[in-house]
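Student: Each chain, letter by letter, is given below.
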Amino acid sequence: MVLGVTFGDWIGEIENWVYAAIAIAMVYGAFRVVTTKNVVHAALYLVITLGGSAALFLLLGAEFVAWTLVLVYIGAIVVLFLFGIMITRAPLGYETKLSHPMRVRVGAALVSGALFLLVGGSLLDAYGSDPVPVAADATRTATIGQSIFDRFVIPFEVISFVLLAALIGGIVIARRDPEDAAVGKTEVGA
Amino acid sequence: MLINQFLLLGAALFSLGVYGVLSRRNAVLVLLSVELMLAAVNINLVAFDIMNQDPQAGGQIFALFVIAVAAAEVGIGLAIVLMIYRNRRSANVDELDLMKL
Numbered sequence: 186m187v188l189g190v191t192f193g194d195w196i197g198e199i200e201n202w203v204y205a206a207i208a209i210a211m212v213y214g215a216f217r218v219v220t221t222k223n224v225v226h227a228a229l230y231l232v233i234t235l236g237g238s239a240a241l242f243l244l245l246g247a248e249f250v251a252w253t254l255v256l257v258y259i260g261a262i263v264v265l266f267l268f269g270i271m272i273t274r275a276p277l278g279y280e281t282k283l284s285h286p287m288r289v290r291v292g293a294a295l296v297s298g299a300l301f302l303l304v305g306g307s308l309l310d311a312y313g314s315d316p317v318p319v320a321a322d323a324t325r326t327a328t329i330g331q332s333i334f335d336r337f338v339i340p341f342e343v344i345s346f347v348l349l350a351a352l353i354g355g356i357v358i359a360r361r362d363p364e365d366a367a368v369g370k371t372e373v374g375a
Numbered sequence: 021m022l023i024n025q026f027l028l029l030g031a032a033l034f035s036l037g038v039y040g041v042l043s044r045r046n047a048v049l050v051l052l053s054v055e056l057m058l059a060a061v062n063i064n065l066v067a068f069d070i071m072n073q074d075p076q077a078g079g080q081i082f083a084l085f086v087i088a089v090a091a092a093e094v095g096i097g098l099a100i101v102l103m104i105y106r107n108r109r110s111a112n113v114d115e116l117d118l119m120k121l
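So the sequence lines, in the order shown, correspond to chains V and Z. Each position in the first sequence, counted from 1, maps to that position plus 185 in this note's numbering. Each position in the second sequence, counted from 1, maps to that position plus 20 in this note's numbering.
Just so you know, these hints were derived from the structure itself, not from any lab. It should be emphasised that the depicted structure is a prediction, and the values quoted were computed from it without experimental measurement. Errors might be hidden in some of the hints.
Said to hold, decoys possible - Below, a sample of chain Z positions facing chain V; criterion: calculated Cβ distance under 10 Å:
no.	residue
1	Ala31
2	Ala32
3	Ser35
4	Leu51
5	Gln73
6	Ala77
7	Ile81
8	Glu93
9	Gly95
10	Leu118
11	Leu121
Virtual Cβ for every residue (Gly too), placed ideally from N, Cα, C.
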């Protein structure tokens, strides 16, 4: 693996120190998401990973995406996950095994390891040590706003339909049947 | 900063997400691992946008759409898991084999 820049040069820049700290925290959080034995902890470790990625976006100058990620992803999606976890807990508080047996896990580890080596190898081959020219000032939200309503207005309208469909679909899927509600029958987790 | 440091981080998160999807038995944890994969994709998109210095910030807008679609997908996915839990008292994906031949 021959990169154009040496490790000494790379460590010399302060941005890379910040990047290294954030990246280590993110990878640790992601690793614990997939290996922890506590479901609630898994959701909270995901917060670490998502928060780290928001910090990386700030490092790159993509401020609007970073704060949108904090607001929507951490603020709404993780909270939704915690609701789902609370509602689907086993009733007596005991935790059934959360992962497949060791045989399956070893296979999964091999597959994901092979995937990482394949992708990582091709990335190193393709991009070597190309730098990221971070602009002096961050991306302006006005730029993003103008682009959304100029070049990306059709995806913007489509995403409104997608969210509407998800809203209606979620309500229809998860509601109680009307006849069950009329009879007064209650279900687990309702 | 190198572009590869962001791309390799995205690749690592994606691989961990794949491991989670394959090895977890609880349906909510599978959805969490899918969220990991989407986060990795977001890192890639924004890193490439900054590298190419797109004047219209196309990569960042793509990342915003990925976040919106992820929100919709998590809502529907958790609604489905909730219904499964109501009917079967368990969120175990191994038990969802009614359509098996």
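Student: All hints, please: hold or fail.
Tutor: Going down the list of hints, with the structure as the test:
no.	hint	verdict
1	Ala31	holds, 4 Å
2	Ala32	holds, 6 Å
3	Ser35	holds, 4 Å
4	Leu51	holds, 7 Å
5	Gln73	holds, 6 Å
6	Ala77	holds, 5 Å
7	Ile81	holds, 5 Å
8	Glu93	holds, 7 Å
9	Gly95	holds, 5 Å
10	Leu118	violated, 17 Å
11	Leu121	violated, 21 Å
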